[in-house]
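Residue numbers (my numbering), protein chains in the order written: chain A, 1 to 311; chain B, 312 to 671; chain C, 672 to 1176.
In case anyone wonders, no lab produced these hints; they're calculated from the structure. Among the clues, some could well be false.
Within a straight-line C-alpha distance of at most 25 angstroms, the following computed SDA-like cross-link-like pairs (lysine to any residue) qualify [as the list claims (entries may be wrong)]:
| id | chain 1 | residue 1 | chain 2 | residue 2 |
| --- | --- | --- | --- | --- |
| 1 | B | LYS651 | B | VAL322 |
| 2 | C | LYS1074 | B | LYS491 |
| 3 | C | LYS956 | C | LYS1074 |
| 4 | C | LYS1007 | B | PHE522 |
| 5 | C | LYS811 | C | VAL856 |
| 6 | B | LYS491 | B | ARG540 |
| 7 | C | LYS948 | A | ARG295 |
| 8 | C | LYS811 | A | ARG295 |
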Amino acid sequence: MEWIEIFDLSIFRSLLRSTAPIAIVGMAAAMCSAAGVLNIGLEGKMLNAAFAGVYASYTFESVWAGFTAGIIAGLLTAALFGLLSFTLGADEVLAGLAINIFALAGTTYLMRTIFGQAGFFSDPRIVGFEPISVSFLRGTFLEPFLSDFTYSVYLMFVLAILLHTVYYRTRLGTAIRATGENPEAAEDAGINTVRIKWMVTVFSGLLAGISGIFLSLENLTMFTEGMSAGKGYIGLVASSFGNNTPFGTFGASLFFGLGDAIGIRLQGVYELDSRLILMIPYALTVVVLILIGIRQRLRVRPVPITESSIE
Amino acid sequence: MEKFSFKDVLVTFAGLLITAFIAWVLISATGNNPSEVALYLYEGGFKGTRNIANSLYQATPLILTAVATLISFRVGMFNIGINGSMYVGALYAGWAGYKFTTLGHFTHVTVCILIGMLVGAAWMLLPALLRVYAGVSEIISTIILNFVAVLFVSYMANGPFRADPIAPATPRILETAELKQIFPNSQFNTGFFIAVFVAILAHFVLNKTTFGYELRSGGDGLVGMYPSRFSSYLGIPSDRSAIIGMLISGALGGLAGAIEVLGAVRYFFQELEFNQGFDGILIGILGKLEPIGSVIASLFYGAIKNGGFYVDYKTDVSREIIIVLISILIFFVSAQKMVKGLEKYPLIKKLDNFFSRKKM
Amino acid sequence: MNKDIAIHLKNITKEYPGVVANKNVDFQVFKGEIHALVGENGAGKSTLMKILYGIEQPDEGEILINGKLEQINKVETAINLGIGMVHQEFTLVPSFTAPENIGLGQEPRNSQGIIDWKGLNKLVVNIAEKYGFKVDPSLKMIDASVGVQQRTEILKTLYRNANILILDEPTAVLTPQETDELFTVIRTLVDEGKTVVFITHKLREVMEIADRVTVMRAGEVQGVSETKNTSIAELASQMVGREVFLQVKKDDAKPEEEILNVEDLWVHDARGLLAVKGVSLNIRKGEIVGIAGVEGNGQSELVEALTGLRKTSQGSINYLGENIASSSPKNIRRKKIAHIPEDRTNTGLNTQLSIWENLIGNSYFRKPLSTNGIFNLKKIATHSNKLKEDFDIRAPNISLKVKSLSGGNQQKVVVARELSEDPILTIASQPTRGVDIGNIEAIHEQLVQMRDDGGAVLLVSAELDEVMAVADRVGVMYEGQIVKWVNPKEVDQSQMGLYMAGIKD
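So here's chain A without its partners, still in its complex pose (with noise of 0.2 angstroms):
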């Protein structure tokens, strides 16, 4: 009786809420790796953007400064993982892990020393996003699955459109697949390999910046110790099983987001241990690396020896 309880409306839009952080930081990851650049930072950027969010929430009461703050936060961090990685030749790895020990340890030095608090930071004196109402869904049968979101499912949708227009039929998208499929040709066709790597990382910052400030206002608003939790990499794994590309990163992450889903929704029907329903993402992702393994064994197939092999 409950698995006909558990696909109802309302996990489709659950589905669709727990979807959006993981695709909008997927696609920042999917563009990064189309171009060559492996970003294990994204993880830091989220966290930084999603404390400089709630901060200036805080500090300004307005959401909206809380989201430039985030903003501005996540395109900071993504900068020091270009100059150290582009600029200064460090390796990318060691870079964004660098990175991510720095913003996690960070975000939690500034939480306790600003604002004297351990494990969480809340306030009523910060303010979230709102959902909206689609206007033009109003009355159609649709309204019910779309309508009312906040903005990150919005954007999401937005995004893999857009981002799918520019990867394959704009000159920046040939440029960013070539760079990373090889620079040398790139380099050869008049394109900057360095300024793609740059481009796609600051463009990553404001992603992952903006998925960063989704976390802590839109559905919640506090921020919490290392609140990223593993989205940036499992953006990562998206994007990886998608082939680094815009809509078969969205696929993935709505496989990720289904799992979220079903884990919200069993806590409700079963008496599960909670720690059993967190490790439903990492578990899936877990699965989804066997199965990128999986595709990979079996790409390569030996022909058959014939007749017919010497032509």
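With the hints as your guide, set chains B and C onto chain A.
Positioned in the frame of chain A, the structure of chains B and C alone reads:
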């Protein structure tokens, strides 16, 4: 692996100076007195037997996680999941610590440690196999397993292994499973000597044995190189090296966790929090992926970490500042072009050549 | 003669740490001519062209294009000046089609910035037809033949309105027949008013295609001449500074008993396609067997199968009477088979490791270098220093990382290691690639010495001259098969060219 060169040391010290300056700005900006913080940092790290003992206690798991890091890096694999191994190693060492009731002291401690190491190694098996047999990035898989580990041990301490009806914790380990604490009022314990021994052993094995040569033939740079065509070409199975390297790395992570539980905490509880797996990566890099260098870096880090606790206790400055500063230091050390850029100064090049000459 | 000058590089000097790549080079190309730039590896041709194409900046000197002084500090500038370059290593994006590669960075687009892919395809087909090419607009480069890839590269420069085309060693990967096709294309280009700079070290091609030729040696221009007024011998002496051709001093082989016998060997490549299709060959003690052929015809996979780096799919490899097909590289090495691999930096060496750590790769496990798994560092030092002396590896000490050595010295580390353990069979694949002329001779002498000391040698090389000079018997490989066995003394190069193109008698 490149040995320490003069310019590396120069960059590290320049980085330290700049980091100190950033610390000064950061601490002032949050309304505290930097020189006061510096004093407490020094006192907490180095003043008196108890603080020194505690600094060494802090260094203990760091030595192990740093060596775990460098072993995986030097076989050409990026193991970021040592923290996960540390958690599961700690949990199961703790479990063995109360479960086996009939063993003598030495046997019990040994069994607990071996179980911790075994579980820590097992935790790395999946990422290693996925990387070797399916080409899945070990970076991502080990990171994800860190998150799984935290939730898993927390679940176990709260459920199957729970003893206390009030607090989610395992039973206390038996006295026969304890690593002895040597100084009063300090959690410093004999585990420190195990850690130093392991580092020396790692130094010997990596640099002076055929087994170590086979392990690092495929990598030995700061940047992962697995799968190595060079190893396979020489007839050294680089797949096997990569898997063994990951398992040793995980085992040492598990050992770090086991020593924490057997030597200091004495039971496993849900809120027990480890970060040493991540710190170990930073220390391994600071130590240039050399075991002896990592011991030195760990002692330094352990002292300022302990100093950080004292600062946290005495002032409003939170102890996370230490990790912030170390990660900033890593930014400098990892900036290869900055190190290379120094080569154009003749004096530095001369000094570099002078310090790096070797007889062989 | 009073012609317009398309390119004038004036007094170009370019130094890299420790090497002067170009020294006061003066280089002029007339409009509408085919100009050959010849020289040995490392003579400075590539550096000069990189400077012209904006990849490198000269330390001194000026660049005049069509009589106008230009600053070419990036590739974009060169492209805008109408200069196009086809690199020796193709610069194509594998998953892109020909038009996607050709249009890269310059795709036609509408006012919203959306690329007009159909328009691009049409443009590309039109340009191709004008110069007599054929293109398949939907074929991805990863599935295209080398010839198609090269034509795509040339079309790429034409698409960008190049008037001056630089072709860097364009024939290195082609069969003689494909080379002829390329030459027809080049002549069409010149008829249409283009100027072509043709970089090569094959003098026969120079005489065939070029109007004029500039010879470089050791970073300097040795001479400029019209091809009709010069000869191969004269160019060769300018090129190498002495009047010799590639010659290896050796007596006739005295082959004895059979060491290796390969029967009907089939091997798949990394993509799962058949790369070796039923190869049979045998090698006897005291002889050098050569495998000639254009690269990519299964030689790499054949060598990998013989050395255990790749599984065999069918057939047997009998070595001293034992089938070692699909055996592990370790087992094969322990049977005294040495392997000088074609890929030096990733396979033959770990450049992160020191010289001595690379030198002991095939001997670290034996006494006295190690005992019970523990290194004897003193013995290792003696062993390594002796190899360093014997093989003339130029380095201050053996603790230096291999990555700091020059290409030639790196190769000497590989050769020293591989020949150090008294191999019964030595498999050498492209052993002199990227090695300077002096060291090439040394490596050839060492291979002949191995033979004379009673070893068996398999030499695989894409350099036809090398195989013909060093080997005692030569098999020509084409599309995974050995199409012909020849005695190098009894066959001429044009005949070999036909075999390399798969034409059997």
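Review point. Taking each numbered hint in turn, which are not upheld by the structure, reported in ascending numerical order?
Key: 2, 3, 6, 7
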